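Whole structure, please, built from the sequences with the hints as guidance.
If you're matching them up, the sequences are chains A and B in order.
The opening residue of the first sequence carries number 194 in the working numbering; numbering runs sequentially from there.
The opening residue of the second sequence carries number 670 in the working numbering; numbering runs sequentially from there.
No lab work stands behind these hints, which were simulated from the structure alone.
In this text, all values refer to a predicted model and were calculated from it rather than measured experimentally.
Any given hint could turn out to be false.
Each computed DMTMM-like pair below joins lysine to aspartate or glutamate, with the alpha-carbon atoms no more than 20 Å apart [stated by the list, open to error]:
id: 1; chain 1: B; residue 1: Lys-1001; chain 2: B; residue 2: Asp-708
id: 2; chain 1: B; residue 1: Lys-921; chain 2: B; residue 2: Asp-859
id: 3; chain 1: B; residue 1: Lys-1001; chain 2: A; residue 2: Asp-311
id: 4; chain 1: B; residue 1: Lys-922; chain 2: B; residue 2: Asp-859
id: 5; chain 1: B; residue 1: Lys-774; chain 2: B; residue 2: Asp-785
id: 6; chain 1: B; residue 1: Lys-974; chain 2: A; residue 2: Asp-364
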Amino acid sequence: MDATFASRVQFGMTLAFHYLFPPITIGLGSMLVFMEGTFLVTGKPVYEKLTRFFVKLFGLNFALGVVTGIPMEFQFGTNWAQYSRYVGDVFGSALAAEGIFAFFLESGFLGLLLFGWDRVKPRTHFIATIMVCLGSHFSAIWIIIANSWMQTPAGFAIVGTGASAHAVTTDFFHVVFNPSTVNRLFHTLAGAWQAGAFFVLSVCAWYLLKGRDIAFARAGMRIGLIAAAVAATVSIVLGDSSARQVAYTQPTKLAAMEGVYPASGIAGLHMFGWVNESSQTVYGPELPGMLSWLIYYDSHATVTGLNAFAPQDRPPVNRVFQAFHIMVGIGFASFGLTLLALLWWVRGRLWTARWLLWPFVFAIVFILAANEAGWMTAEWGRQPWIVYGLMRTHQGVSSTVPAGQVWATIALFGIVYAALLVLYLFLLNQKIQHGPEVEHVSVPLQGERHPWDEEQDATPVLIGHQRADQ
Amino acid sequence: MALNIIWYCLIFALFAGYAVLDGFDLGVGALHLLAGRTDSERRIVLNSIGPVWDGNEVWLVVAGGALFAAFPYVYATVFSGFYLALMVLLLALVFRAVAIEFRSKSPLRSWRQSWDVAFSGASILVAFLLGTALGNIIGGIPLDPAGNYAGSFFDLLNPYAILNGVATVALFMMHGSIYLVLRTDGDLRDHVKHLANRCMVFFVLMYVLVTMATLLYVPRMGTHMKHRPWLLAAPLLTLLAIANVPRQMTHKKNFGYAFVSSCLAIIGLMALVAIGMFPDLVPSNSTQHGDLTLFNASSTPQTLKIMLVIALIGMPLVSTYTIAVYWLFRGKVRLDKASY
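This is how it looks when you write it as structure tokens:
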């Protein structure tokens, strides 16, 4: 049990840290496609400037995502060996497919995205941008498939008994399209798009407040606000259908999300609150019958509560409740903020509304927190199962790895990741402070002629400034 | 059963692909401090692998994922058994990537030198640990009745495994030095050629030692070749590929061919491991549990078939754009505005 706890802490810690980066990679990658696409269509230099600047931030973010992602691929084997044996036939194929379809695509074209500006035509570079963006989306697809199978397993059979029992794929289509895949995929992607949009909005709002790079920042704000509005809408719509699906497929998780204890009854919705797990009460403002209505479109419908399940089959309630409410709260707040800014933009007063720009500088932190909280809702809500209804978490842990070794590696990861985070923020800040200013026009290096020189003569392409030592 | 054999070959092919590709950038990293004598030389060294190291490392991730999917019992046993060693490997990979990304972010001398040492040290450590892990697999590990690793962390540091670790460092150093010769010019290139010559001597020495040690201590690695003499073509071709490296480097002065030979040598060595171990993936040297083989450690035929379809769709695409990107970034390294 102790080794299980240690391994859960390690997996949770390394994944929580890793998951700061993929949402930005997915979201910012999509933003880059819009920015570069807009540049190619309109030919306006400001969009090239946007693309080039955010590509640099993207590169930093991507590197962090890759290096923190490598340990994830191996930790199933190191810390969850029994789980790996149990589900390898099903779960392993999704991970391998992620590698073949997504990781190769992303990293293969990343070099071109970051370093290829002077080596290929602008259109070819745009293709690289699209491929990196597609790759990050494919990655999301396969990892959500794998994770959704842990939530709502389908398309498998259990063979063998006792210690040799394991799951085998009987229908790959049903593994891929298990009951929760589609809802969870688009809800997760929408969260990531919001992260990308708010990342751009944060930088641009800050430039506006500082009164620098005004044209650049306004262009970025416009693209960012449109993307944020679309993403927030998708996120809320899919979040709603995702919760409804959880009610049907993982009733213990839904009950924990709202702290519903009575085995059967009409359930309300809390704006926020605190669950006392021993007295089975929730303190906080409640909309009576609202949960019943949201799930069944009937405020008198009955919802299955936690007491309908044996105590050893229930997830930790307050943690799930808090994570869920943090996610929903931030989701609606960011939606409201986006709408407000759109309104002020239409009224032509956004650029001087300092009180409205300041929240955008910091909103990205909350958006990332919401992404993390959503993931925690899903995973804590799945407990005590590692595969819902099939295998308990403590059954999946590696029997040969002592807790002491896991605590030692937790300490090592803790030190390295803390240093990583400090460096990441330092470099991010440095790049943002340095800004996107343009100082010179592209010149071919060492007398090389670019294949598109003639086109370039017609419309000089501006290059983002980088210091000579970089 | 044919599917199991195909996947046995594919897993080795993925690890061979990883060794060929990440091998040269780990080798470049291992030589970083020696090859680059000034800051601008070190920048050239770093930028020679700049656009590709990330993609190369993905081969390890994919090989790990494919092993999980095709042989989950091997994935579970090896990775949980080699827990501490693997965690150190992962942290070294993290640290190495961080060093590559962050070195150029400040012009401070102390900043850059610290990251140079981190980059080089981590590259050597990664190569060493990979080789040591392979050495342990070849030599066999104790398995308990449940099929778990029954030894300790220090059992992994046996002389045969360490010898394999050092040989891997030597191999990657040779491979990386030839890559650097291809990607540099002028004074730096002359310097790197000298290094390449020393690396070749180092590797050939280690190659002879590992071969002798394997024949003496792990004789089962030669059993298949003894019974099917045509298989001896594999060690012979590997030997020819290895011998061709110094021939091209010093006599023919065709460094492109030297690099191709070095790639073929790595593939040949991996093929020797695959042939020698067949059909084992993890030979057991305890009596409590038999070997983990390509038959008893695999996923179901259904899953292997699906995975094969995925690989057949994915890998040609991967090969195409990997070659395209290498083609675009061919030639000598020039530092430009987007460089590290």
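Each hint tested on the structure:
1. B:Lys-1001 with B:Asp-708: holds, 17 Å
2. B:Lys-921 with B:Asp-859: Roughly 16 Å between the alpha carbons, so the hint for Lys-921 of chain B and Asp-859 of chain B holds.
3. B:Lys-1001 with A:Asp-311: Holds, because 15 Å separates the two Cα atoms, which is no more than 20 Å.
4. B:Lys-922 with B:Asp-859: Judged against 20 Å, a Cα distance of about 12 Å means the pair holds.
5. B:Lys-774 with B:Asp-785: OK: Lys-774 of chain B and Asp-785 of chain B at ~13 Å, within 20 Å.
6. B:Lys-974 with A:Asp-364: Holds, at about 12 Å.
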